[in-house]
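2 protein chains.
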Amino acid sequence: MAIKIACGQLEIISGRPDLNTQNILRMISRARNEDVDLLLLPELAVPGYLVGDLWEQSDFLKDCETFGQQIIGASQGITVVFGNVAVDWRRKNRDGHVRKYNAAFVARDGKLIPTGQGLDFVAKTMLPSYRQFDDPRYFSGQETLMKDRRISLKNGWGPVPVTIQGKEYRIGILICEDGWTENYPVSVPALLKQDGAEILCNISSSPFTLEKNQKRHRIFGQQAKDLHLPLVYCNQTGVQNTGKNIFAFDGQSCVYGPDGMVKAAAPMFEEKLLIFSWDRENEKIRARSAEDEMIVTEDDEAEIVYRTIRYGTEQFLKQTGIRRMVLGASGGIDSAVAAALFTDILGPQQVLLVNMPSRYNSELTKNLAQQLAENLKCCYTIVPINESVSNTVEQLYTPIHNYSSNRDFKVELNGLIYENIQARDRGSRILAGFSAAFKGGVSCNANKAEIAVGYGTFYGDLIGLFCPLGDLWKYQVYALGRYINEKVFKTEVIPEKIFSIRPSAELSEEQTVGTGGDPLIYEYHDYLLRSFVENWDKASPAEIIRHYMNHSLEKFLGCVDGTVARIFPSHKAFCQDLEYWYSLFTGLAVAKRIQAPPILSLSRRAFGTDFRESQMTSYFSTEYKVMKEKLLLQERLF
Amino acid sequence: MAIKIACGQLEIISGRPDLNTQNILRMISRARNEDVDLLLLPELAVPGYLVGDLWEQSDFLKDCETFGQQIIGASQGITVVFGNVAVDWRRKNRDGHVRKYNAAFVARDGKLIPTGQGLDFVAKTMLPSYRQFDDPRYFSGQETLMKDRRISLKNGWGPVPVTIQGKEYRIGILICEDGWTENYPVSVPALLKQDGAEILCNISSSPFTLEKNQKRHRIFGQQAKDLHLPLVYCNQTGVQNTGKNIFAFDGQSCVYGPDGMVKAAAPMFEEKLLIFSWDRENEKIRARSAEDEMIVTEDDEAEIVYRTIRYGTEQFLKQTGIRRMVLGASGGIDSAVAAALFTDILGPQQVLLVNMPSRYNSELTKNLAQQLAENLKCCYTIVPINESVSNTVEQLYTPIHNYSSNRDFKVELNGLIYENIQARDRGSRILAGFSAAFKGGVSCNANKAEIAVGYGTFYGDLIGLFCPLGDLWKYQVYALGRYINEKVFKTEVIPEKIFSIRPSAELSEEQTVGTGGDPLIYEYHDYLLRSFVENWDKASPAEIIRHYMNHSLEKFLGCVDGTVARIFPSHKAFCQDLEYWYSLFTGLAVAKRIQAPPILSLSRRAFGTDFRESQMTSYFSTEYKVMKEKLLLQERLF
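So the protein sequences, as listed, match chains A and B. With this note's numbering applied, the first sequence covers 1 to 638. With this note's numbering applied, the second sequence covers 1 to 638.
This is chain A alone, in the form it adopts within the complex (with noise of 0.2 Å):
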């Protein structure tokens, strides 16, 4: 006989146990309606999970676990595993806060259902301390709750049992990272299937990452499938930051047979109840409906890319209660992308393009700007900065009085001070300004490669609400330009020129269009750049050019072969633009990231919380220098 379990694919909004808690008992009454037997709910799906230092509030906990109560209270007829924070409020964690669990409560007809050994809940037992999680910050883990209940740590992982129809099934409950088994040195399924788990039922709150789900998969139908067990995954959806990070959570729950493959799976970003039968004694599991068994594939990642970016945008935009956008729009193509997907989201009426023009600026940019803002039907405005920009200059003339000398002098101003002036001219003045009055939030459009090497200038094109594009290099900007025209407005709203002109910020007569651009090569610094940021083992200026001694950079940073010899004459050339950049990369840049607006995260280490990293001056290794030199000495000799 199949018994129905469903899993509650909510929007979780982190900070609002009293919003969360409203939304799961809907949830459970929907279920409840649909005659399901077990219900799960995700991780933290009470307080939310990304809500920072707020633990540390007692009164917070105590909201948290007075909502835990009124969904117990909710649970007749129906099993419900929901996570809540847990605290056990006659101890203290190892920072003397009160001790906390991130855990998960079994509840049925208005009781907890004792989930063994006398505990009243499973807590987490994998704590993640990498990228943007700081659990053990907060959480105690399961072997903390056993020690301080005395139980013995052999019978701390044990299934829950849960009586539906009649009968007794022994629930593994995991959360989240319990069930991400690669390098931690136990593993929760084995133990719990050890135990005498039947199912597995992993409670999430993961958000969305690029080529994460396709790990998933494997991992999770692996373990499925090695352990013989069904193994279920309920994630939540919605948007949770961690400051400066936002965080797009992609639901995707699903379930996997004991043969490892997906039985049945929820949709990306959208709240689902997916309720499924399972047969314990035919292992069968059975989607409801054939709608149910697609899972998202990530073959075009531009359409990924796309799917999340809106989400996370739209949603953030919902939190903060922005409903318009004011956007600088230079003719390049990182503000084009920006102002279609400002427009796809909130309608173009409330998208305001300014093109603000100074001297060096070509009419070739400047028709662009207008062409797109036409192409989208968006509100556009043109503000001439060149007198504003003259007027700063000859104020910062003014004579200074130096009270020690008693006498007066004049600063001086070079071409890069005027540039910066520009810059800021138009983003802290005409962009912030327009901000106020057209009631809307200011986009920061710089791409991952310009956040890398802090090539934008503070409190100039560096301003805004947050960057909807920060976590994506210059390639997949282009592409998502390509997909955006193609798929999503089905026409060319984004001129195909601003595809093919180079990239330029026009602040000087060197870097207009036609002239000169960017000093960044993009199919290469993209490449280098992204091997500093997000090889897991981070590349260094060693590894970079013992790969190029070696003649297997290319291979190693995955861009076009070639491209290397092409670009450096010279190994003298090569390391100048590897210290050059590497320099920037984690001097200059790391201040500017600091007073950066929020990134919208997509890869596995976008520049935030993800990337913890102190103002240091910048170092190359002893290695590196030894390497050089011989090159170098290479070089002279032949």
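Treat the hints loosely; a few may be bogus.
Because identical chains share one entry, a pair is satisfied inside a single copy or across any pair of copies.
Said to hold, decoys possible - Taking lysine-lysine and the BS3-like style, the derived pairs with C-alpha atoms no more than 30 Å apart in a straight line are:
1. Lys284 <-> Lys410
2. Lys487 <-> Lys625
3. Lys318 <-> Lys555
4. Lys487 <-> Lys377
5. Lys147 <-> Lys193
6. Lys487 <-> Lys212
Keep in mind that the hints were calculated from the coordinates and are not lab data.
Given chain A, put chain B in place with the hints provided.
Showing chain B alone in chain A's frame:
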């Protein structure tokens, strides 16, 4: 017979193993020349402590290992205990990165001394993950090390046997947090004593925090006394940062006798080879000079705050290569204190004060700004912003074309928009311009109360290289101002009037000096906000209202009795005020902090990495709402 022990209180530079190693080698030479038998060097002395995710770059780790070998090689005739990262290249941490330990190595005569059980080093056991600390993100602990090497946990915390002058001494090595035994389930010092340690040596990387040293003397003194062992504490100096926070490491290395009393101590913020003798037989510890017996007291908070800010600022400027500073001088206390600070550090000719009057600035404050510059003998200039602000307003009225309706429209500006235009004009146009032209950093003069509620303008007064006063409440800024006049300059450099006028932003008719001032009532809000931020168990609106109802609020907050009744005419006014500021604190202010400059940390909780937060909607708990309703009902009824 007595042996000579020394603490090498070194200045450590994060991420610079090359420079740190040079410094360490010099210190070893000096100690050898002084016939020191046992030299202690700080935790992670080779790489530095706060290097962020650079721990994930294998080449950096290898480099640190190489430098560690140099230090071992330099230990001829002297026993050296030094902190470095230890790597187990064959194993992985839980996140897939190579296994690392925050380790202490013991070297003599060019070789490592085994630390027992076949191990080469002692690993830190207690890995802090509170405040700015992220140890578990990077390091495994002593327990993991022992499990890996199949050593019984019973034998793992033994002291290291070291032969000095022909006799064996058993040295119990602790790394920083291992000694802070308050809330940990096991006490490493007690385990070491139990296994026969004759002396405890704690090597640390411990930044200054107000009141921490008193606590350390209490805890460490008690530890030495309870275990009846001498305890040596070797800390570092220097300045390291976590991006958002700058920390001054205060040194203050010292030795506690078995009676718990300090026998010798090094000064704050200075490199020092602190030498003392220890006679094991008669338990005598003797400082080399009377001067070395002095410890720093914190009787005068302003003094200790000034010393820390001065040191932290000086070192941070040195590290970032900044030799000049630019400040907006408003005639208020915050900018005056900052101006005096930078003048004291850099000299008056390196400090540029810019007064930027609009139509709302009073003659009084303009004169005060000028007087300040004159008193400090700084560079000074006046740049009016009226014209530029008018021009900006005019430009924001440029017609905008709506390509959907094909009509033009104009935005509308209100008072608040106009205020922020002024603030941004000053910050991003003038000060940032002078920053480049004068080749100096901009000082962000925001104090902690302003940062807490976001009282400041994005890209306006919130710009800057860093916030030297960002961890001080307004009352602390005033105290610092007094201290600067009385003890630093010993003359009234900050004009007396600046202390007595009511603080005001002077951005509108309502806010000019005389007619009005800041909406923050510092004698109450300083303390209210402090309870939200610095209370270890963070205060909540519910807790505040509870205390208010029990007439215990002033006592709870630490402000003057009678303040609350004086300020609020009714319960309703009290609740409105509480909700207004708590909503800002947890709302818009979070967004501002995400993009704010780094803060020099002083308190036990500074905004930044030390206080992690997400942008969420402001939330008031059920309990708060119930209590408020009760309170307001009471008021309506009586």
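Hint check:
no.	hint	result
1	Lys284 <-> Lys410	neither (83 Å within a copy, 64 Å between copies)
2	Lys487 <-> Lys625	neither (49 Å within a copy, 48 Å between copies)
3	Lys318 <-> Lys555	neither (42 Å within a copy, 40 Å between copies)
4	Lys487 <-> Lys377	within (18 Å within a copy, 65 Å between copies)
5	Lys147 <-> Lys193	both (22 Å within a copy, 24 Å between copies)
6	Lys487 <-> Lys212	within (24 Å within a copy, 59 Å between copies)
Hint check: violations occur at hints 1, 2, 3; the rest are consistent with the structure.
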